[in-house]
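Chemist: Chains as they are written, first to last, in our numbering: chain V, 1 to 125; chain C, 1 to 206.
Simulated from the structure, these hints should not be mistaken for laboratory data.
Please read these numbers as outputs of a predicted model, since none were measured by experiment.
Warning: the hint list may mix true and false statements.
[Unchecked claim] In silico DSSO-like cross-links for lysine-lysine, where the CA-CA straight-line distance does not exceed 30 Å:
#1 K142(C) - K77(V)
#2 K77(V) - K32(C)
#3 K36(V) - K88(C)
[As the list claims (entries may be wrong)] Stretch by stretch, here's where chain V covers chain C in the computed footprint (C-beta under 8 Å, at least three residues):
#4 35-45
#5 88-98
#6 178-186
From the three backbone atoms N, C-alpha and C, an ideal C-beta is built for every residue, glycine too.
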Amino acid sequence: MKFSFKILSAVLLLSVLILRCKEDDAQIFRAYVEGKISYSDAKFLEDPIHLVKEKKIIAETLPKESGSFVLAGPYDKGTYRLQLKNYKIKSFSTDTKGCKISADSLSIEIPGGETYVIFNDIVLK
Amino acid sequence: MKKFLLFTFSAICFLNIDAQKRKRYNWQEEVKFSIDPHVKIMAALGDNFMKDVFGYFYGFGIGGNINIYKNFGLGAEYTYFLANDVKKPELFGYLGAPSMSNFDWYLFHKDAISEAFAVEELLGYSTYRMKSPYLDNSGNFKEGNGGLNLGARIVYTLDNEGYQQVVFGTKINFYNSRIGNQNPEIEKYFSKAVFLNFSLAYRYNF
Numbered sequence: 001m002k003f004s005f006k007i008l009s010a011v012l013l014l015s016v017l018i019l020r021c022k023e024d025d026a027q028i029f030r031a032y033v034e035g036k037i038s039y040s041d042a043k044f045l046e047d048p049i050h051l052v053k054e055k056k057i058i059a060e061t062l063p064k065e066s067g068s069f070v071l072a073g074p075y076d077k078g079t080y081r082l083q084l085k086n087y088k089i090k091s092f093s094t095d096t097k098g099c100k101i102s103a104d105s106l107s108i109e110i111p112g113g114e115t116y117v118i119f120n121d122i123v124l125k
Numbered sequence: 001m002k003k004f005l006l007f008t009f010s011a012i013c014f015l016n017i018d019a020q021k022r023k024r025y026n027w028q029e030e031v032k033f034s035i036d037p038h039v040k041i042m043a044a045l046g047d048n049f050m051k052d053v054f055g056y057f058y059g060f061g062i063g064g065n066i067n068i069y070k071n072f073g074l075g076a077e078y079t080y081f082l083a084n085d086v087k088k089p090e091l092f093g094y095l096g097a098p099s100m101s102n103f104d105w106y107l108f109h110k111d112a113i114s115e116a117f118a119v120e121e122l123l124g125y126s127t128y129r130m131k132s133p134y135l136d137n138s139g140n141f142k143e144g145n146g147g148l149n150l151g152a153r154i155v156y157t158l159d160n161e162g163y164q165q166v167v168f169g170t171k172i173n174f175y176n177s178r179i180g181n182q183n184p185e186i187e188k189y190f191s192k193a194v195f196l197n198f199s200l201a202y203r204y205n206f
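Use the sequences and the hints to build the structure in full.
Modeler: As structure tokens, then:
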């Protein structure tokens with residue numbers, strides 16, 4: 001009797017644990033953006049650079065003295081932006097198709113689905 | 001994952017059939033249960049974001065073992081981990097230090113070394129759920145999945161009756177989540193890790 005109780009409790013314990021390990025349902029990504037920014041004003045280094053999706057920040061960093069930066073953050077789908085705070089962007093170069101400077105020149109728009117983007121040379125105004 | 005569930009199910013069936021078949025030999029006398037609250041410390045090895053972004057994880061939890069036949073048994077452990085630090089936030093995202101829920105399941109084999117000491121070898125499967133709060137308070141980012149685990153434990157018996165034991169364990173856990181990226185190297189960097197953990201537990205047998 002005591003033994004069957006033990007087996008029963010073991011089965012219950014295992015089934016509870018099975019229920020706890022569900023599979024992920026949707027594919028999630030980490031968007032990875034790397035680049036280098038040519039700047040003249042040293043104050044540029046004081047402001048953080050962001051990856052932003054629909055006004056929600058997904059990654060943040062401060063640029064290095066060389067102007068280079070790496071940003072990675074959780075991402076699912078849709079366009080997102082590389083966002084600077086105060087300095088406007090004049091030009092950039094990348095192999096990723098469809099990237100463009102936003103209307104206010106403060107960010108570069110990255111099309112949805114592009115999760116690995118390298119901006120070789122971002123020049124500020 | 002399906003294979004794993006099937007395996008577990010057949011293990012349970014086997015247990016039941018075996019129990020009925022072998023009853024007259026009274027093998028169930030050998031069936032012993034134990035429960036052990038534990039503390040753990042865990043760090044990632046190799047080239048992956050778990051290693052680069054976090055210092056180490058520390059956690060606490062509880063485990064249970066069933067010695068089923070001879071020196072073989074099944075066990076399960078739950079551990080709640082916290083990361084001590086986010087060292088490279090630019091690689092992690094706009095997220096705070098995560099917490100992690102981890103289940104380990106395993107088969108074990110026990111070897112008695114002396115009257116007081118025993119060694120256990122473990123092989124099993126782990127599941128992980130890592131939860132990191134968005135720094136703008138817009139909820140949590142969840143990631144994680146599962147992977148194999150293997151390990152060994154040293155068991156020291158404290159009393160003559162063998163009810164109370166102290167267990168020191170070490171385990172290697174393979175972490176595989178499914179974080180996508182266009183660049184396979186980056187995908188691997190964010191999806192795969194190897195964890196090494198050490199645990200200290202107080203075990204009670206009944």
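Chemist: Each of the hints needs a verdict: does it hold here or not?
Modeler: Hints and how they fare:
no.	hint	in the structure
1	K142(C) - K77(V)	holds (16 Å)
2	K77(V) - K32(C)	violated (51 Å)
3	K36(V) - K88(C)	holds (18 Å)
4	35-45	violated (count 0)
5	88-98	holds (count 7)
6	178-186	holds (count 7)
Going through the hint list in order, the structure does not satisfy hints 2 and 4.
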